[in-house]
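Throw the hints in and build the complete structure from the sequences for me.
If you read the protein sequences in the order shown, they are chains A and B.
The first sequence: position 90 = 89 (numbering that gives the first Met the number 0), numbered continuously.
The second sequence: position 150 = 149 (numbering that gives the first Met the number 0), numbered continuously.
Treat the hints with care, since some could be wrong.
Negatives, chain B to chain A, calculated, CB over 12 angstroms [said to hold, decoys possible]:
hint : residue
1    : E15
2    : P47
3    : L73
4    : S100
5    : G113
6    : A120
7    : A125
8    : G188
9    : V197
10   : P221
11   : R242
12   : E245
Simulated restraints on C-beta separations [stated by the list, open to error]:
hint : chain 1 : residue 1 : chain 2 : residue 2 : range
13   : B       : R23       : A       : I23       : 37 to 45 angstroms
14   : B       : V167      : A       : R82       : 17 to 25 angstroms
15   : A       : L194      : B       : D138      : 49 to 57 angstroms
16   : A       : I197      : B       : A137      : 38 to 46 angstroms
Keep in mind that the hints were calculated from the coordinates and are not lab data.
Ideal Cβ positions, reconstructed from N, Cα and C, are used throughout, including at glycine.
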Amino acid sequence: MNPRMMLATSRRVLEQLRHDRRSIALILVVPALLLTAVYYLYENETLPPGMPRTFDRVGLMMLAIFPFVVMFLVTSITMLRERTTGTLERLLTTPIHKADLLFGYAIAFSIMAALQSLVATAVAYWIFDLDIKGSPGYVVMIAVINAVLGVALGLLCSAFARTEFQAVQFMPVVVVPQILLCGLFVPRERMNDVLESISNVLPLTFSVDALKEIAANSEATQLLWDDAATIGVIVLVVLVLASLTLRRQTR
Amino acid sequence: MNRHVAEPAGVAPAVEASGVHVNRGRTRILRGLDFTIGAGRITGLLGPSGSGKTTLMRAIVGAQRLSAGAVTVLGQPAGAAALRHDVGYVTQSPSVYPDLSVEANVRYFGAMHGATAADTAEAIAAVGLEDLARQRTADLSGGQSSRVSLACALVSHPGLLVLDEPTVGLDPVLRAELWERFATMAASGTTLLVSSHVMEEASHCSSLLLLREGLLMASLTPAELGERGHSTDLEQAFLHLIREAEGKPSRTDRNESQVA
Numbered sequence: 000m001n002p003r004m005m006l007a008t009s010r011r012v013l014e015q016l017r018h019d020r021r022s023i024a025l026i027l028v029v030p031a032l033l034l035t036a037v038y039y040l041y042e043n044e045t046l047p048p049g050m051p052r053t054f055d056r057v058g059l060m061m062l063a064i065f066p067f068v069v070m071f072l073v074t075s076i077t078m079l080r081e082r083t084t085g086t087l088e089r090l091l092t093t094p095i096h097k098a099d100l101l102f103g104y105a106i107a108f109s110i111m112a113a114l115q116s117l118v119a120t121a122v123a124y125w126i127f128d129l130d131i132k133g134s135p136g137y138v139v140m141i142a143v144i145n146a147v148l149g150v151a152l153g154l155l156c157s158a159f160a161r162t163e164f165q166a167v168q169f170m171p172v173v174v175v176p177q178i179l180l181c182g183l184f185v186p187r188e189r190m191n192d193v194l195e196s197i198s199n200v201l202p203l204t205f206s207v208d209a210l211k212e213i214a215a216n217s218e219a220t221q222l223l224w225d226d227a228a229t230i231g232v233i234v235l236v237v238l239v240l241a242s243l244t245l246r247r248q249t250r
Numbered sequence: 000m001n002r003h004v005a006e007p008a009g010v011a012p013a014v015e016a017s018g019v020h021v022n023r024g025r026t027r028i029l030r031g032l033d034f035t036i037g038a039g040r041i042t043g044l045l046g047p048s049g050s051g052k053t054t055l056m057r058a059i060v061g062a063q064r065l066s067a068g069a070v071t072v073l074g075q076p077a078g079a080a081a082l083r084h085d086v087g088y089v090t091q092s093p094s095v096y097p098d099l100s101v102e103a104n105v106r107y108f109g110a111m112h113g114a115t116a117a118d119t120a121e122a123i124a125a126v127g128l129e130d131l132a133r134q135r136t137a138d139l140s141g142g143q144s145s146r147v148s149l150a151c152a153l154v155s156h157p158g159l160l161v162l163d164e165p166t167v168g169l170d171p172v173l174r175a176e177l178w179e180r181f182a183t184m185a186a187s188g189t190t191l192l193v194s195s196h197v198m199e200e201a202s203h204c205s206s207l208l209l210l211r212e213g214l215l216m217a218s219l220t221p222a223e224l225g226e227r228g229h230s231t232d233l234e235q236a237f238l239h240l241i242r243e244a245e246g247k248p249s250r251t252d253r254n255e256s257q258v259a
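This is the structure in structure tokens:
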């Protein structure tokens, strides 16, 4: 590991993004707009007294899901371009360590993700009065961890795509099942055994559990830290797998 | 026939290859190459398209695994971690980031070698792109982007610079300037391996490797190529050698010389 090369990589990735103003705008604004849509979707629901609003549950989970989906897509396309234009092969003939490259990417995109979730969380919290017991700071933390998870999976999946078209097709394979099974649509304990056991090992499940902890408790709980640590370990494992797909030599 | 022509005495070669084979699937791309590349000089790698030039260059920079044989670069096995500071590689199609400025591209690849801002500026000046340094690479012409790609290799001051068709798409003035630049670099001790399919460029090299269908046809100087090909036009001379190797009748007596 070499911090200079890693930070140079982060800087380069951010610089590439900086030239793409439209993408930046989409990354920052779209989650907030979708959140607004969700708010008005449930605007007129009638609730029994004491029942939390659906927005408080769904909106909160969406705060974690957005950065995951967006960073997965952005990373897999960026990395695929790196593979197809020959810049990756060129980089791997230089002294850069694979970890510098991967963590450089992870740092750059988690900065973007932090900005994104700051905007979305601020909108949810201040405009739509998102009602959670815990601190919104923890929500942003989980959102950033999720973004890094998206980056890691994107880096890995880009190895199995030859074209950008194929890369986008990995979204229904990798991202959609996690969204379906994370507890957003049906509480996990009400799923059948097969689906629940799949759900138990999907990374996004841990984020949603962590968010529920934040919503239900005013202080950070041990369960929250356990969930965060589990996602962290999954991220590291996926990054190691991704680094195995970076080859300095071809046969 | 002497294969290692005009090797300066007492100087270890920059590259030594012995019995290099590369197979991809059932295709035999390189079929047993033995050669050396002299240090501090320009070696031209010439041959028709599909003859294995790029694969050979990738083997030398360590990006291509060998099926058999060995390549030693600057005293170490090709691709060794210690070589990554010393070997520069410029691929045929420019491998740079189109959405970055010229400067940002050169700075980024320079960062892998601890290059300073002065190194970056120097590399950009070396390829004559000072005025375009802040332009996005995507907005440049094909020839300009391949010069950006070259600058990204120059920035690290490599001891061995491997260039795959660096002059394709350049106008004659730039091409001449680039060859002058290569000559200056060689004079200051850099070893250059330059591939080309344009034979007239061979005259800029101090020695030549002629590749055909994964075999080394000859390793000689441009003068020897002219002599053996019976033409001062190196293109004609090369064609002559190829026809000779293919056993086709040629205008001159084909028993006169043996291919390596």
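Okay, the hints, checked on the actual structure:
1. Once the 12 angstroms rule is applied to beta carbons, E15 of chain B is consistent with being away from chain A; the minimum gap is 19 angstroms.
2. Separation of P47 of chain B from chain A is adequate, the least Cβ-Cβ distance of about 23 angstroms exceeding the 12 angstroms criterion.
3. Distance check for L73 of chain B against chain A: the nearest CB is about 14 angstroms away, which clears 12 angstroms, and the non-interface claim stands.
4. A beta-carbon of chain A is positioned within 12 angstroms of the beta-carbon of S100 of chain B; the least distance is around 8 angstroms.
5. Interface exclusion of G113 of chain B from chain A breaks down, the closest Cβ pair being 7 angstroms apart, not more than 12 angstroms.
6. Consistency note on A120 of chain B: stated as away from chain A, and its beta-carbon is indeed over 12 angstroms from all of that chain's, at 17 angstroms minimum.
7. Against chain A, the non-interface label of A125 of chain B holds: every CB pair exceeds 12 angstroms, the least being about 18 angstroms.
8. G188 of chain B, annotated as away from the interface, keeps every beta carbon of chain A farther than 12 angstroms; the closest lies near 21 angstroms.
9. Here V197 of chain B stays apart from chain A, with its beta-carbon at least about 22 angstroms from theirs, past the 12 angstroms limit.
10. P221 of chain B, annotated as away from the interface, keeps every beta carbon of chain A farther than 12 angstroms; the closest lies near 29 angstroms.
11. Every beta carbon of chain A lies more than 12 angstroms from that of R242 of chain B, the smallest distance being close to 34 angstroms; the non-interface claim holds.
12. With a closest Cβ-Cβ approach of about 30 angstroms to chain A, E245 of chain B is found to remain outside the 12 angstroms limit, as its non-interface label requires.
13. Between R23 of chain B and I23 of chain A the Cβ separation comes to about 41 angstroms, which falls inside the hinted range of 37 to 45 angstroms.
14. Between V167 of chain B and R82 of chain A the Cβ separation comes to about 23 angstroms, which falls inside the hinted range of 17 to 25 angstroms.
15. Taking the beta carbon of each, L194 of chain A and D138 of chain B are about 51 angstroms apart, inside 49 to 57 angstroms as hinted.
16. A beta carbon spacing of about 43 angstroms between I197 of chain A and A137 of chain B agrees with the range 38 to 46 angstroms that was offered as a hint.
In the structure shown, a violation is registered for the earlier hints numbered 4, 5, in ascending order.
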